[in-house]
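Undergrad: Each chain, letter by letter, is given below.
Protein chains: 2
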Amino acid sequence: MTAARLRRVKPETPGGREVVLQAALAAFFEQGYHGTSMRNIAARAGTAISHTYYYFPSKADLLRALILQVTGDLVAALQQAKNDASPAPAAQLTAMVRAHVALHTERQAESFVGNTELRSLGEVDRARAVARRDEVGAMYREVVARGLDQGVFRCLHGDEAVLAIMTMCTAVAAWYRADGPLSAAELGQRYGDLALNMVEYAND
Amino acid sequence: MTAARLRRVKPETPGGREVVLQAALAAFFEQGYHGTSMRNIAARAGTAISHTYYYFPSKADLLRALILQVTGDLVAALQQAKNDASPAPAAQLTAMVRAHVALHTERQAESFVGNTELRSLGEVDRARAVARRDEVGAMYREVVARGLDQGVFRCLHGDEAVLAIMTMCTAVAAWYRADGPLSAAELGQRYGDLALNMVEYAND
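Protein chains in written order, with our numbering: chain A, 12 to 215; chain B, 12 to 215.
Source of the hints: derived by calculation from the structure; they are not laboratory data.
C-beta: ideal position from N, C-alpha, C; glycine also.
Please note that the accuracy of each hint is not assured.
What the hints assert, rightly or not - Residues on chain A that point at chain B, a partial pick, calculated with CB under 7 Å:
1. 43
2. 45
3. 171
4. 178
5. 205
6. 208
7. 211
Excised from the complex, chain A in its bound form (with noise of 0.2 Å):
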């Protein structure tokens, strides 16, 4: 670590830091957080270690960028969905897991290493990960419950149901292909259907 701080000056490569992250979120998927030394990153990045150390200090750095990157965009792109769909909390539900589906698909190594890794981050920056998963959940359960209040959603366990679409649409960064038989975007309208039975929708 001294030897990097000493060598901290910046390099002259643009769009470096970001290199180094991809080759740090590479390597992480494959091989895990701990299997992953930053010598690693850097062979990965093509770059030269102190380069590496310029951007990031430690490999912790790395894995906190990354997560906390990806939970924040979930977030907002949640958010996002929420606030486009009419205020109907059905359509709501539906525009977020699409939402919530469509990053998992297209930022698929990003989601499944902050699935994976959470316990791999030091206590404040995990702490804060799961902050993040929290106001997820929050804004799903106050789409449940106002669709329960007005007697459109008619489970008895909310909680459970917001929980079960959750991690449906949080595993979607395990084991979706490109490649295979559904585009993301049949997949989002299928899991949506999918979600509105969960809360046993109701619009008669």
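Position chain B against the provided structure of chain A, taking the given hints into account.
TA: Okay, now just chain B, sitting in the frame of chain A:
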């Protein structure tokens, strides 16, 4: 490895294999497979590294033993639940979901390692583990297809419902806390109801 082979003399401790396996499980769960060494496992097991190598010639053998055990037990538990239930698709589906949740709460660490470290298995073992997961999927699909044929399930996309039911049950291993508000049995009951919602069960 050579040193280990030379030393393959059966240790005197009874139950030693299970102690080593549980130590490996705890290490993989906390540090990830790639972050764990045979030395870590021996230290956790409170035993000599030669003892560890006696039972498991490599770290890969430990991961294989853990994952194939838990995936095999899952297939057996779901088969049993399906056989013991009344032949009605709704009864079989809920019995399978309850058994799935039970296994993932009782053997949470194994299930979590099975879900997150599948990528760390060698190709042949990964194919065996995936084949068992596919067996579970086939069992669920058979029940759902029969329910659709009989008109008691009415969802449009049975395959997505099955996948979502499986991931909802699997994810329990990542978040369940025995000291949380719901017992494992209550959770299984509620997830059974959610699964019926997902397939649009109508008993009228």
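Undergrad: Now tell me if each hint is right for this structure.
TA: Now the hints, each set against the structure:
no., hint, in the structure
1, 43, "holds (4 Å)"
2, 45, "holds (2 Å)"
3, 171, "holds (5 Å)"
4, 178, "holds (4 Å)"
5, 205, "holds (5 Å)"
6, 208, "holds (5 Å)"
7, 211, "holds (6 Å)"
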